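Chains as they are written, first to last, in our numbering: chain A, 376 to 598; chain B, 59 to 908.
In short, the hints are calculated from the structure, not lab data. Don't take each hint at face value.
[Said to hold, decoys possible] Stretches of chain A that chain B covers, calculated by requiring three or more beta carbons in the stretch to come under 8 Å of a beta carbon on chain B:
hint, stretch
1, 413-424
2, 445-455
3, 461-471
4, 477-484
[Stated by the list, open to error] No farther apart than 20 Å at their CA atoms in a straight line, the calculated lysine to aspartate or glutamate pairs in the EDC-like style are these:
hint, chain 1, residue 1, chain 2, residue 2
5, B, Lys231, B, Glu175
6, B, Lys231, B, Glu185
7, A, Lys459, A, Asp407
8, B, Lys819, B, Glu895
9, B, Lys437, A, Glu449
10, A, Lys506, A, Glu519
11, B, Lys437, A, Asp450
12, B, Lys437, A, Asp430
13, B, Lys273, B, Glu175
In this text, all values refer to a predicted model and were calculated from it rather than measured experimentally. All C-beta atoms in this analysis are idealised placements derived from N, C-alpha and C, irrespective of residue type, glycine included.
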Amino acid sequence: MLVATNLTKEYQSGSSSLTALRDVSFSVPQGDLVAITGPSGSGKTTLLGLLAGLDTPTRGTVVLDGDDITAMSEDGRAKLRGAKVGFVFQSFQLIPALTALENVQVPLELRGERDASVRARDLLARVGLDKRGSHFPAQLSGGEQQRVAIARAFANAPRILFADEPTGNLDGATGEMIMDTVVALNRESGTTVIIVTHEQTVATRARRLIRLNDGALVEDRAA
Amino acid sequence: MHLWRSIGRLAWRESRTARRRLLLSMSSISLGVGALVAIDSFAANLTSSLREQSRALLGGDIAFAARRPFTPAADSLFDSLAKSGVRLARSTNFPSMAVVQRTGNTRLVQIRAVSAEYPLYGEITTEPAGNWSQLQTGAHALIDPSLLVALDTRVGDTITVGYARFLIAGTVKDVPGTPGIAEMIGPRVFIPARYLPETQLLQFGSTAGYEVLGKTRTPAIAEQVSRAVRPRRRALDINVRTAEQAEDNVSEAIGELAQFIGVVGLVALLLGGLGVASGVHAFVARKIDTVAILRCLGATSRQVLAVYVLQAAAMGVLGAAMGVALGVGMQFLVPIALSDVLPVDVSVRPELSAMIAGLLVGAWVALAFALRPLVALRKISPLQTLRRDADSQVLRVHWRDIPRLMVNVAIAASVVTIAVLRTGSLTDGIGMSIGAGLALALLAASAGALAWLARKGVRPRWPYVLRQGLSNLHRPANQTRPVILALGFGAFLVTTLYVVQSSLLERFSLGVGSSSANVVFFDVQQDQSEGVDSIVRAGAQRVVQQAPVVVMRVSSINGVAATDDRIEQTPDGPRARWALRREYRSTFRDTLVSSERLISGRWDAATRAASDTSAISVEQDLARDLKLKLGDVITWDVQGVPVTTRITSLRSVNWNRFEPNFFIVFRPEALAAAPIQYIMTARTADGAQTARLQRAVVSRFPNVSSIDLSLIQSTIGKILERVTVAVRFLALFSLAMAVPVLISAVAGSRRDRVREGVLLKTLGATRAQVARIMLAEYAALGVLGSATGLLLAYVAGWAITRFVFDTEFTPAIGPSLGIAGLMIGMTVTIGLLAGREVFRETAMTALRSD
Chain A
376 MLVATNLTKE
386 YQSGSSSLTA
396 LRDVSFSVPQ
406 GDLVAITGPS
416 GSGKTTLLGL
426 LAGLDTPTRG
436 TVVLDGDDIT
446 AMSEDGRAKL
456 RGAKVGFVFQ
466 SFQLIPALTA
476 LENVQVPLEL
486 RGERDASVRA
496 RDLLARVGLD
506 KRGSHFPAQL
516 SGGEQQRVAI
526 ARAFANAPRI
536 LFADEPTGNL
546 DGATGEMIMD
556 TVVALNRESG
566 TTVIIVTHEQ
576 TVATRARRLI
586 RLNDGALVED
596 RAA
Chain B
59 MHLWRSIGRL
69 AWRESRTARR
79 RLLLSMSSIS
89 LGVGALVAID
99 SFAANLTSSL
109 REQSRALLGG
119 DIAFAARRPF
129 TPAADSLFDS
139 LAKSGVRLAR
149 STNFPSMAVV
159 QRTGNTRLVQ
169 IRAVSAEYPL
179 YGEITTEPAG
189 NWSQLQTGAH
199 ALIDPSLLVA
209 LDTRVGDTIT
219 VGYARFLIAG
229 TVKDVPGTPG
239 IAEMIGPRVF
249 IPARYLPETQ
259 LLQFGSTAGY
269 EVLGKTRTPA
279 IAEQVSRAVR
289 PRRRALDINV
299 RTAEQAEDNV
309 SEAIGELAQF
319 IGVVGLVALL
329 LGGLGVASGV
339 HAFVARKIDT
349 VAILRCLGAT
359 SRQVLAVYVL
369 QAAAMGVLGA
379 AMGVALGVGM
389 QFLVPIALSD
399 VLPVDVSVRP
409 ELSAMIAGLL
419 VGAWVALAFA
429 LRPLVALRKI
439 SPLQTLRRDA
449 DSQVLRVHWR
459 DIPRLMVNVA
469 IAASVVTIAV
479 LRTGSLTDGI
489 GMSIGAGLAL
499 ALLAASAGAL
509 AWLARKGVRP
519 RWPYVLRQGL
529 SNLHRPANQT
539 RPVILALGFG
549 AFLVTTLYVV
559 QSSLLERFSL
569 GVGSSSANVV
579 FFDVQQDQSE
589 GVDSIVRAGA
599 QRVVQQAPVV
609 VMRVSSINGV
619 AATDDRIEQT
629 PDGPRARWAL
639 RREYRSTFRD
649 TLVSSERLIS
659 GRWDAATRAA
669 SDTSAISVEQ
679 DLARDLKLKL
689 GDVITWDVQG
699 VPVTTRITSL
709 RSVNWNRFEP
719 NFFIVFRPEA
729 LAAAPIQYIM
739 TARTADGAQT
749 ARLQRAVVSR
759 FPNVSSIDLS
769 LIQSTIGKIL
779 ERVTVAVRFL
789 ALFSLAMAVP
799 VLISAVAGSR
809 RDRVREGVLL
819 KTLGATRAQV
829 ARIMLAEYAA
839 LGVLGSATGL
849 LLAYVAGWAI
859 TRFVFDTEFT
869 PAIGPSLGIA
879 GLMIGMTVTI
889 GLLAGREVFR
899 ETAMTALRSD
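Assemble the whole structure, with the sequences as input and the hints as a guide.
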C-alpha cells in the first residue's frame, strides 16, 4: 500500500521559487499497476522521486507499506529501498564495471545475503538472460540491459517497483517485450508497479492511470 | 561479518574499470615513500657498518690524541698500558712540503709518520700489492695515487720531506677509517715514525697531531681505561676516545644529514598527498552515477563510503609498496654516489623496519588525502539516477561538514606527527609543517587571484579562443587550484635547490677570486722571514701580506683556571669545549684588516693612546661559543709564559677570503717577547711562477710550507662539482615528483574539458581552435604556478642561505627562468595530452556517452 498526501515540491532559485508539484494526493493498493503520465515538465519524475524516497517533499507525506518515508533519514530510506523497493530506469543504470550477474547480485549483497549468486542466476533465467551473466553492460543490447535491470529490481522481492520511462530508450518491439516482463512479474509476485511514461502504448498496459499537468493531479482513473 | 565480506567483494568487482587510474593517482605517493625508505635504509646500513668497522674507523679500541708532543706523564701512562697487555701504535700527522728530487716539483702534503704496529685494525692495501709491510724496512714512503700526477713522479723516485729523503715504495689504495675525499683535500704521505727526527720538521710551535692507538683484549677494557683517564685528561694534556664514542660521533653526524634529506622526502610525501587528493577527486566524479545507483538499490552512506575507502586503501598500499620497491632500488645506488665521502665501506642490505615504516606512512598519507574527496560520496543523492546535476554541484561539501573537518584535522595531525618524528624535534616539526602550510596557503591564494583576474580581466575585444581559455580558469569545475598547487610546489622545490646551490657556489668563487694573493707560506720561522721575502722579491714578485703568528692556549678565564671543571659553566650556558681546549694561532697588530669589521668596543687610535697593552679583540662567533663579553679577562699560556689580557672589542671576520685571519688579535707590545712564526702571502703571475717560487723557498727552508691558492680553487671546484651533481639529482627527483601530481590535478577536470571541446566541435570549432583554447588555459596556469613557486623559492632560498649557511643570497635568475619555462612547457604538454580525446573522438560518440 502506497499513500501520498498533499505532496508539494518547491525549488528555490535565488529569490524566486518554482513549484514542481502541488498538493498531490492518492493511494495505491498492494499489487496494483499504475501509470503516471503527463506532458514534459508536468512533474512526473519529481513525483516518482518523492514516492520512492529518492527526494524529500517541501510539504506532504508518503507512507509506503505502513512506513512514513518522509519522516525518515536518508540512510533509513536507503534501508527501506533495499528491503521493499525496486527500480527500473530509462537509461538502465547498470553499474558498468560489474557483469550482468554481479549487477543483479548487488541488492542481495548489500543486505549480506549468502546465496546471492544462486538467486541472481535464477532471476536472470527468468528474464531469459541465463547465458549472458558474465557479460558487461557495454556488451549487451539495450533490451538486454533493461532486462538485467528488471531482474535486479526484483532481486529483493520488492513490495513496490518504480519504473521511470522503462521503454524510452528501446525500439517498439523490445519495449513491448519489456512491458510483458514487467506485467508478468507484477502478476506473479503481487508487486505494486508504478510506471512513469509519456508513451500511450505503455500507459494502456496499466490498470490505473494518473495524469499530471503543471505539477497538479488532473486525472485519476481506471485504465 | 558476512555483510562486510559482501562489501569487500563489491569493492573489488566495482574497481575493475578504475584500478589503473586509481593506481596512477596513488603513485603520486610512491616517490616520496621511495625517498624516505632509501634515506632511512641507507642510514641504518651506515650505522650498522659503522658498528662493524668502528675499530678500523678509530684505528684501535682506544685512541689518545694531543696537539703537542705527549707529556712525560702521558708517556708513562702508555708504558703502563703496554705492560698490562695493551698493544700500542703511534702516528704523528702534520702538513709539510714534499719535493720530488728528479723533477723538482713541490706540493703541500699530509705527512703520517707511523710506527711498525700501525694499523692495529683493518688493512691498508697498496699498489704494488703487499707493499705496506715494506714501509718499515727502510726510509720508504707510500703515497696517495693523486700525488703521482700532482708531483709528476713515479714509484721508485725519491721524495724529500723536510731534511729527510724517502724512496717511494708504492701508492696506498685503501686506508681504513678515512673517506676517499680525504685524498682530494690533503694527499697523504706515509713514512716510518723512526725517520721523523731526520725531517727536522717538528720544531717548537709546529702544527702537528700526535696519536697513540691502543688494541685491548675486549672493548670493555678500552671503556675502563677511558673512564680512568678521563678525569686526568687536562693534567695529561690528552684527548681520549674509544671506538664506541667515535662511532657515536659519526652516527650522530650521519643522523643529522639523514634528517635533513628526510625533510625533502617529507615534502615529497606531502606533494604526493596533494596529487592523491586531486586524482581521487577526479575518480570520485566518475563514480557519481554508480553511487547514485547503489543508493537506489539500498546502500547506506556508510556502505558506499566503505566500498570506495577499501578501494583507495588497497591502491594506497600498492602505491606505497611501489615506493618501497623504488626506495630499496635507490638505497643500492646511494653508497655508489657517496663512496668518496664515507669513512667506512657500507654493506647494503634491505632494512625491514624502514620498509615497513615507509609502507605504513605512505599508505596512511595516501588514505588520509584520499579521504578528503571521498567523504563527498556520502552526499550523493539517489535522485541523481533520475536527474543528473553537474559534478561540482553533486560533490559540493560544506566546509562545516563534520566528517570533512575531521579528515582535515587528521591530515594536519598526520603531517605534523610525521614531521616531528622525522626531524626529531617538536619545534622543528611544527615549524616545518607551518612553513609547508603557509606555502600551500599562498599557492591557493594565488590560484584564487588568478581565477578572479580571469573573471574581471578578460576583455570582449580579445580573440575568442583566448577569452574562452582564460574563462575556463574561473568557470565551475575549473582546475585552477589543484594545478597551481601541484605546479607551484614543484617549481618551489626545484628553484629553492638551485638558488641555494648557486648562492653557495657564488660564495666560494668570490672567496678565491677576491684574494689579492695566490700563494701562501706558513710556518715561516722568525729568522726565516727576511730570507723568504728576498726569494719572493728576487722572482720579481711581491709579498702581499706578512702576519706574525704566536701559538697559545687558554690558561684561565676571569680567574677560573682551564684545568678547573668550573670553567665550562657560565650563567649564560656552557662554554664550548673545543674552544677551551684548542691551540690558538693569534696575531698582533693595532689596526683592522679588510676582511674584518668591528662589532662592539674599540680597536683604534684611542685604544693605542691609552697604551692598554693587555687589550685583545675576539672574533664574534668564538666569543659566542666561549660566552665571552667585553671586559672579560683571559690569561693565555704563550708557550709556558702567562699573558693576561682583557677583551676590549669584538670583530666579525670574513673567513671565506683566502687571507690570514685570526680569532684573537693582540696589541703588538703584548707579545713582543714571544716566539713568533710568520704567515706570508705573495702574488705571482701564473702557475709556473708559483711552482718556481715554491721550489726556491722549500729548497732553502724545508720546514716552510706553502699552498698554491689556484690548487685550492680547483679542489673546491671538484668538490662543488659533486655537490652540483647531487643537487641536480635532487632537482630531477623533485621534478619527477611533480609530474604524476600534475597529471592527477589535470585529470580532475579532464572529462569536463573533453565534453566541452567536443561540444565546441559540434558547434563548428576547428581542432586548431580547440587546441588554442586549451593552450591559453594551460599556459596561464603554467605561468602563474611557476611564478608563485619562484617567489616562494626566493623567500625560502633567502632564508636558508641567510640563516642556515650564513651567506649572501644570490638569485640565480637564469636557471630560475629556465625552470619556470620547463614547468610551463610541462603543464601545457600534460594538459594537451590529457585532452587529446577531444581531437580523437567524433562529436557523436562523446554526446552519446554523455
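Hints, verified against the model:
1. For the stretch 413-424 of chain A, the assignment as covered by chain B holds, since 3 residues bring a beta-carbon within under 8 Å of that chain's beta-carbons and 3 suffice.
2. Against chain B, the stretch 445-455 of chain A contributes 5 residues with a C-beta closer than 8 Å to a partner C-beta. That satisfies the three-residue criterion, and the hint holds.
3. Coverage of a stretch by a chain is defined here by at least three residues with a beta carbon nearer than 8 Å to that chain's beta carbons; for the stretch 461-471 of chain A and chain B the count is 6, and the condition holds.
4. Coverage of the stretch 477-484 of chain A by chain B holds in this model, with 4 residues showing a Cβ closer than 8 Å to a Cβ of that chain against a need of three.
5. Proximity of Lys231 of chain B to Glu175 of chain B is assessed by CA-CA distance (about 19 Å); at most 20 Å being required, the pair is judged to hold.
6. Using a Cα cut-off of 20 Å, the hinted pair Lys231 of chain B and Glu185 of chain B holds, with the two alpha carbons roughly 7 Å apart.
7. For a cut-off of 20 Å, the pair hint linking Lys459 of chain A to Asp407 of chain A stands: about 15 Å separates their Cα positions.
8. The suggested pairing of Lys819 of chain B with Glu895 of chain B holds, with an alpha-carbon distance near 12 Å, which does not exceed 20 Å.
9. Proximity of Lys437 of chain B to Glu449 of chain A is assessed by CA-CA distance (about 10 Å); at most 20 Å being required, the pair is judged to hold.
10. Pair hint Lys506 of chain A plus Glu519 of chain A holds up; C-alpha atoms about 11 Å apart against a cutoff of 20 Å.
11. With a C-alpha separation of about 11 Å, the suggested pairing of Lys437 of chain B with Asp450 of chain A holds against the 20 Å cut-off.
12. For the given pair, Lys437 of chain B sits about 13 Å from Asp430 of chain A by alpha-carbon distance, which is consistent with the 20 Å threshold.
13. The straight-line distance between the Cα atoms of Lys273 of chain B and Glu175 of chain B is roughly 10 Å, inside the 20 Å bound, and the hint therefore holds.
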